[in-house]
Amino acid sequence: MAANGADVAVGIDSPTQSCGQWQQNLAGAGLNWYPVASLPVIGTTGSDGDTIAEACDLTDGTQELFVEDGGGMSYGNTICSQEEANGWHSESSPGPIAQQEAGEQQANGQASASAAAASASVSSSAAAAQDDQSLRQDTATLNGEISSYGRDVATTASDCANVKKEPLCQDGEAISRRTTTRRTSTTTARPSTTMSSR
Numbered sequence: 012m013a014a015n016g017a018d019v020a021v022g023i024d025s026p027t028q029s030c031g032q033w034q035q036n037l038a039g040a041g042l043n044w045y046p047v048a049s050l051p052v053i054g055t056t057g058s059d060g061d062t063i064a065e066a067c068d069l070t071d072g073t074q075e076l077f078v079e080d081g082g083g084m085s086y087g088n089t090i091c092s093q094e095e096a097n098g099w100h101s102e103s104s105p106g107p108i109a110q111q112e113a114g115e116q117q118a119n120g121q122a123s124a125s126a127a128a129a130s131a132s133v134s135s136s137a138a139a140a141q142d143d144q145s146l147r148q149d150t151a152t153l154n155g156e157i158s159s160y161g162r163d164v165a166t167t168a169s170d171c172a173n174v175k176k177e178p179l180c181q182d183g184e185a186i187s188r189r190t191t192t193r194r195t196s197t198t199t200a201r202p203s204t205t206m207s208s209r
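Going letter by letter, the sequence shown gives residues 12 to 209 in this note's numbering.
These aren't lab readings, by the way, just hints derived from the structure by calculation. Being a predicted model, the structure only gives us computed values, none of them experimental. Misleading hints may appear alongside valid ones.
Label-pair ranges, simulated between beta-carbon atoms [said to hold, decoys possible]: (1) 88 <-> 45: 51 to 57 Å; (2) 114 <-> 47: 55 to 61 Å; (3) 114 <-> 83: 32 to 38 Å; (4) 113 <-> 31: 26 to 32 Å; (5) 30 <-> 104: 46 to 52 Å; (6) 85 <-> 49: 21 to 27 Å.
All residues carry an ideal CB built from backbone N, CA and C; glycine is no exception.
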């Protein structure tokens, strides 16, 4: 059973009285109770954001009363104290409901772990795909730069060939190959006059 406006819930195993009678017995806590198909799983979050936990697992020797609540567990602790005053005591070992809740809690934890692992795997795959895409883009960019460099080299070679074909360059090469002749100066010997005195 669960109570309106609160996280507290109780489960009764092997009841010796009706659900309606239990609702009346528990109404002393100031809550309105109603039947539920199952109890909230221990460790999950209640309607007000509090984490659900076990308040007590009691027996009267025949029945099991399992109480759970969230937050400060004020309602749960009140019910546990009330039933202990009525002769109930803690189970020496977990009762059927407590065992069922523990199994559901473990299964819920495993499901959460599996979901987290699956999410991490998806994130890893997405990151790998993004890395592959970045690598392909970098490769395409590098290939483009290599092609551009090749075109620049070809353009430079063509420009050099064109420059060599310019007339000025041809004249320059012709001039550089031209041989110069040195002028040789001839020296004419003048006749010398010898005078003698008699």
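Hint-by-hint comparison with the structure:
1. 88 <-> 45: 51 to 57 Å: Since the Cβ atoms of residue 88 and residue 45 sit about 21 Å apart, the hinted range of 51 to 57 Å is violated.
2. 114 <-> 47: 55 to 61 Å: At 18 Å between Cβs, range violated.
3. 114 <-> 83: 32 to 38 Å: Check failed, 27 Å falls outside 32 to 38 Å.
4. 113 <-> 31: 26 to 32 Å: Distance hint for residue 113, residue 31 holds at roughly 29 Å.
5. 30 <-> 104: 46 to 52 Å: violated (26 Å)
6. 85 <-> 49: 21 to 27 Å: holds (23 Å)
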